[in-house]
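Participant: So you can see what is in the structure, the chains are spelled out below.
There are 2 protein chains.
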Amino acid sequence: MNVAAISEDNRRKLLEVAAEEILENGFQATSIGDILTKTGLSKGALYHHFPSKLALGYAVFEEVFIPGCVERWEPSLNDPDPISSISALLRSEITAMTDESIRLGCPVNNLGQEMSPIDEGFRQRISGAINHWRSDLQAALARGQEAGTVNSEINTMQAATFFVASMEGSIGLAKNAQDRELLAVCIEGLINFLEGLRA
Amino acid sequence: MNVAAISEDNRRKLLEVAAEEILENGFQATSIGDILTKTGLSKGALYHHFPSKLALGYAVFEEVFIPGCVERWEPSLNDPDPISSISALLRSEITAMTDESIRLGCPVNNLGQEMSPIDEGFRQRISGAINHWRSDLQAALARGQEAGTVNSEINTMQAATFFVASMEGSIGLAKNAQDRELLAVCIEGLINFLEGLRA
DNA sequence: CATATCAGACCGACTGGTCGGTTTGCAATG
DNA sequence: CATTGCAAACCGACCAGTCGGTCTGATATG
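Those sequence lines, one after another, are chains A and B. Under the working numbering, the first sequence has 40 at position 40, and the numbering climbs by one with no breaks. Under the working numbering, the second sequence has 19 at position 19, and the numbering climbs by one with no breaks.
Don't read these hints as lab results, they were simulated from the structure. Mixed in with the good hints there might be a few duds.
Note: identical chains are not told apart, hence a pair may lie in one copy or across any two.
35 angstroms max Cα-Cα, derived DSBU-like pairs, lysine-lysine [what the hints assert, rightly or not]:
1. K13 with K38
2. K43 with K13
3. K13 with K53
Please read all numbers here as calculations on a predicted model, not as lab measurements.
Take these sequences, add in the hints, and give me the full structure.
Facilitator: Next up, the structure:
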């Protein structure tokens with residue numbers, strides 16, 4: 001492995017450990033020192049790759065958290081019958097989520113709730129990602145309307161927005177309670193909502 | 001004003017300033033020093049009234065955040081037609097909330113999202129408060145069923161739980177976007193949901 | 001009524017430790 | 001031999017929390 005590859009490897013390691021720490025403790029309470037201990041790297045390495053803790057946080061968001069979300073949702077959002085495929089995705093999440101991921105909640109929402117009021121850089125990135133999700137979902141519902149799987153009379157943007165809000169709220173409730181059953185109850189509500197949008 | 005009253009006054013001042021700081025910065029990022037500066041009191045005063053920062057945080061939750069929530073929701077939860085009165089409450093919140101309160105979100109949920117994974121004391125208090133809210137809402141819906149204002153076939157606990165999740169999610173979305181219009185769109189979804197529960 | 005006593009309320013300097021960030025220098029590599 | 005990549009020592013600021021001491025006013029006593 002050449003030097004450039006090793007360097008890139010160290011950068012990824014920093015990003016991924018930082019992501020774990022931020023998910024566990026929040027951004028502000030995440031310690032640079034802890035990240036270094038866990039990676040086995042030094043301050044020099046970290047500040048070689050990232051100019052500041054804030055820049056590291058932004059990079060974690062863009063290069064770890066967002067790709068993780070996109071990967072999970074993309075298939076359902078391109079399905080001509082989005083209601084069925086999203087319902088299936090939701091149902092699978094109930095059992096697929098680990099206890100840890102229930103306890104830690106949604107990385108994007110966590111960061112948004114913590115940082116939006118106090119850092120405009122985070123807020124814009126997170127708000128942008130959520131708007132992206134909303135409009136992708138809206139587009140999926142609109143395509144569903146054309147394909148005849150979604151009721152043509154609904155306001156797709158309103159439905160997409162409410163869905164995203166309820167989804168994040170559901171994950172948050174289950175996170176606080178540390179209770180998979182509560183997640184299941186909320187997802188049942190979400191699926192009921194989606195089914196109500198059918199043609 | 002006698003000594004005991006002044007002392008109690010200082011305790012309240014500490015609690016209220018601490019509440020503001022926690023709401024703005026989160027619990028972990030709240031600095032004891034900042035609270036002291038804003039109150040004009042000293043370390044001695046704070047640690048005379050509260051044994052630790054954590055104990056101060058618990059007291060803020062129980063004596064400031066929770067009473068504020070209860071006060072707002074209690075009337076609607078005792079109404080024989082909860083769907084109408086909650087809908088009215090939600091509609092009034094759209095205009096009644098200040099820009100600042102949109103930016104800062106729900107104190108209880110903020111604290112829950114931040115502290116649940118890392119402090120069991122906070123988690124249990126917050127989880128308890130949310131369960132209380134859920135079961136009060138469930139009871140209100142059940143009374144609505146008896147009074148004939150709520151569809152007798154719905155699962156009241158499931159509806160109450162989904163409502164709470166969606167409500168918190170809606171506030172969170174608007175907080176992140178710092179956008180009152182987004183709050184209005186989400187609340188429209190919430191009201192649609194409630195109207196769907198009518199007898 | 002005057003004085004002594006004492007406890008609760010409070011002050012602020014100080015402690016050990018952690019924070020994010022900087023600097024310096026060295027080893028490996030192209 | 002110049003550059004990249006990183007290690008390690010180091011910096012000042014700030015953190016929560018402690019502690020010795022002071023002040024105030026209520027109560028007990030003569």
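Participant: Next, verify each hint and record whether it holds.
Facilitator: Here is what the structure says about each hint:
With identical chains, the CA atoms of K13 and K38 are at most 35 angstroms apart within one copy only, with a shortest distance of 9 angstroms there and 41 angstroms across copies. In this assembly of identical chains, K43 and K13 lie within 35 angstroms of each other by CA distance solely inside one copy; the values are 14 angstroms within and 41 angstroms between copies. Within a single copy, K13 and K53 get their C-alpha atoms as close as 15 angstroms, and across copies as close as 34 angstroms, so both meet the 35 angstroms cut-off.
Comparing the model with each numbered hint stated earlier shows that all of them hold.
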